[in-house]
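Note that the protein sequences, when read in sequence, are chains P and L. Once you know that position 168 of the first sequence is 168 in our numbering, the rest is easy, because the numbers rise by one and skip nothing. Once you know that position 10 of the second sequence is 10 in our numbering, the rest is easy, because the numbers rise by one and skip nothing.
It is possible that some hints are incorrect.
[Claimed, not checked] Anything over 12 Å on all C-beta distances counts as not near chain P; from chain L, calculated: (1) Ser16; (2) Val80; (3) Val88.
[To be verified] One side only, chain L facing chain P, incomplete, derived with CB under 10 Å: (4) Thr22; (5) Leu23; (6) Gln25; (7) Ser26; (8) Glu47; (9) Glu51; (10) Val53; (11) Val82; (12) Thr83; (13) Val92; (14) Asp95; (15) His120; (16) Asp121; (17) Glu122; (18) Leu149; (19) Asp159.
The hints are simulated quantities; they were obtained by calculation from the structure and are not laboratory data. In this text, a Cβ means the ideal position worked out from N, Cα and C, and glycines have one as well.
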Amino acid sequence: MAQAEKQPEEEERTRELRPAWSLPAGDADKIRLPVDWPSEITRDWAWGGSTGKDVRVCILDSGVDAGHELVGGLEEAVAVTIGPDGETVVAEDTEGDLCGHGTACAGVVRSLAPDCRLFSVRVLGAGFTGSGDVLLAGLKWAVEQGFDVVNMSLSTTKRQFAGILHELTDQAYFRRTVLVASAHNMPVESYPWRFSSVISVGSHEESDPLTFFYNPEPPVEFFARGVDVEVAWTSGARIRCTGNSFATPHMSGICALVLGKHRDLTPFQLKSVLYLTSTNVGGGR
Amino acid sequence: MNADLKAAVAAGVIGSEESFRTLLQSVVEVARAIFGAKASSIFLLDEEADELVFEAVAGEGEETLIGKRFPSSTGIAGWVLVTRQPLVIEDVTQDPRFGKEVAESTGYVPKGMMAVPLLHDERALGVLEVLDRPARAQFSLVEMDLLGLFANQAAIALDLLRRARKAEAALDASGEAAGVVARLAETVEKLDDERREAGLRLLASVEEVLRNDEGG
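This is chain P alone, in the form it adopts within the complex (with noise of 0.2 Å):
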C-alpha cells in the first residue's frame, strides 16, 4: 500500500512503531518548523504582551493556601499520602499549606504570569521517612498531568531515587513538561536539580525579578532572584525570604510567560530561549 492510501489511523501506527532516532528518505518535510524566530531573540519576542495566559503550571511543595491575595486562587489541589498499607495515595488536599512555603512560591509564579492557571501537589506532611516516595508518586502525578510547568523547589540525598527521578525527569521532558528545580548550594548530591532535563535554579543578589543569568559552568543553569524577596505566607501573611527555593518559582514565572506566548515550544526550545534572553547573554534586550 503505498504512502498516501493510509488510513490517518494507520499512518499514526506506523509512525508510532518507527524508531524514534531515524529519519526515512522523504520525510524531512513532515517535521519541518516554522522558521519564525528573528535572527536576534529580545525578550519583547520572547514574552512581550504575556500574561502566561492558560499555562498550568504545578506547585510541588508544601501545599497553598489557595485564598492568600497573593495566590489568587488554585484550578487544582491534591495531596500525596502515605496509605495503610504503605502506598502512597494521591486524593484532594484538604489541609491546604503546612509550612507556608508553596504558598510563597504560588505567589511569585503568579506575579510574573498573573492569567496562569496554579495547580497544587502538596508532598509534605506524610512524615519524614516515607518521603522519598511521597515526591516520587507527586511529581509522577504531575507528570501524568501534562502540566506544562513544574515548580520544585526540593531534592532528595537518597540514591535509591536517583535512577526513578531521571527517568521521570526524562519522561516530563519528552512531554513537554518544563521542571524547574532548585539547586543545592552546599556540598552533597543531590536530585532532580542536577539532572540536564530539568531547569535548575539558584539564586543572585538583585531585587530585579526579571533579572536572570544563564551559568556557563553548570550544573546549575540559571541564577534568578532568591534573596530578600517578599512572598505570600500562611495565616494571609507576607513575608521577606531567602533561598533557591525562591529563585526556582521566578524561573517558573518566566517559563510560563515564554509559553503563554509560544505554546509549542519544547523544554529544549524553551531553556534555548531563556538562554538567549538571560541578562547576561541577550542583556535583557
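Let chain P serve as the given structure and place chain L on it in line with the hints.
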C-alpha cells in the same frame, strides 16, 4: 571478638556521647556568636518516632528545650528536612499560626530565622536553626554559604552522636562484662583526685579477690 578488643570498644563507646554532645553545643554556640543571633539550635531526626528532637540549644530556651519533640514534616524545620533546602525568613511574626507553632517549641517568638538541613552522605540527620540575627539591610549569599559550612560541621557531630548512641545501646543489650567494666572505669575517671585514688584501690582489691577465687 576477643576480650581485649571488647574492652577497648566498650571503653571507646562509654562516655563518647557526652563528648559529642559538647561538640554539638559548641557548634550552636559558635553559630550564635558568628551571626550575632539571639539563639541557635540543632534538631536530630528520631527515625523510629518520625519526629524532630532538640539536641542542642544556645541562647533563648537553653535550659528548657533539650529533648522536646515535634513532627518531622510540617512547619519550617520539617520543610527544610524533607526538601533538603536551606531557608531564611524574616518578619515571621506576620503569620500568627507560625508564631504560635514556634513559640510552643522555643518558648519565644523570633522575628527571623535561618534553617538549614544537616546532611551527611545521603542521609538527612536533622536541622540547624539560627534565630534572630540582627536586622540588616539585606541578607547576603555569603551568609548563606557560611550557614552551609556550619551545617556541614554540625552534621558530622550529629552523625557521631547517633553512632555513639547506637553502639551504647548495643553494648547495653549485650549484657556483657566489658560494658559494665567500661562504665565503671568512666565513673572512676571523673572523680576528684582523692576519691579517684580510693576508687582505684577498691577496684584493685576487687580484681585481687576475683583472681584468688579463680585460682582457688
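Each hint, compared with the structure:
The Cβ of Ser16 of chain L sits about 25 Å from the closest Cβ of chain P, beyond the 12 Å cut-off, so the non-interface label holds. Separation of Val80 of chain L from chain P is inadequate, the least Cβ-Cβ distance of about 9 Å not exceeding the 12 Å criterion. Its beta-carbon lying about 4 Å from the closest one in chain P, Val88 of chain L breaks the requirement of being farther than 12 Å from that chain. A cut of 10 Å between beta carbons decides the hint on Thr22 of chain L: the least distance to chain P is about 25 Å, and the hint is violated.
The criterion of a C-beta within 10 Å of any C-beta in chain P is not met by Leu23 of chain L, whose closest approach is roughly 20 Å, and the hint is violated. About 22 Å separates the beta-carbon of Gln25 of chain L from the nearest beta-carbon of chain P, more than 10 Å, and the hint is not met. For Ser26 of chain L, the interface hint is violated, since its Cβ never comes within 10 Å of a Cβ in chain P; the closest pair sits about 21 Å apart. Evaluation of the Glu47 of chain L hint against chain P yields a held restraint, the C-beta minimum of about 7 Å falling below 10 Å.
Interface hint at Glu51 of chain L: satisfied, since its Cβ lies 9 Å from the closest Cβ of chain P, which is below the 10 Å cut-off. Because the smallest distance between the Cβ of Val53 of chain L and any Cβ of chain P comes to about 12 Å, over 10 Å, the interface hint for this residue is violated. At about 5 Å, the closest approach between the beta carbon of Val82 of chain L and any beta carbon in chain P falls short of 10 Å, and the interface hint on this residue holds. Among the interface hints, the one on Thr83 of chain L holds; its C-beta lies about 4 Å from the nearest C-beta in chain P, closer than the 10 Å criterion.
Checking Val92 of chain L against chain P by beta carbon gives a least distance of about 6 Å; that is within 10 Å, so the hint holds. A hinted interface residue such as Asp95 of chain L counts as satisfied when its beta carbon comes closer than 10 Å to some beta carbon of chain P; here the least separation is about 4 Å, so the hint holds. Against a cut-off of 10 Å between C-beta atoms, the interface hint on His120 of chain L holds, since the closest Cβ of chain P lies about 9 Å away. For the restraint placing Asp121 of chain L at the interface with chain P, the shortest Cβ-Cβ distance is roughly 8 Å, inside the 10 Å limit, so the hint holds.
Checking Glu122 of chain L against chain P by beta carbon gives a least distance of about 4 Å; that is within 10 Å, so the hint holds. Annotation: interface hint on Leu149 of chain L holds; nearest CB of chain P at approximately 9 Å, less than 10 Å. For Asp159 of chain L, the interface hint is violated, since its Cβ never comes within 10 Å of a Cβ in chain P; the closest pair sits about 13 Å apart.
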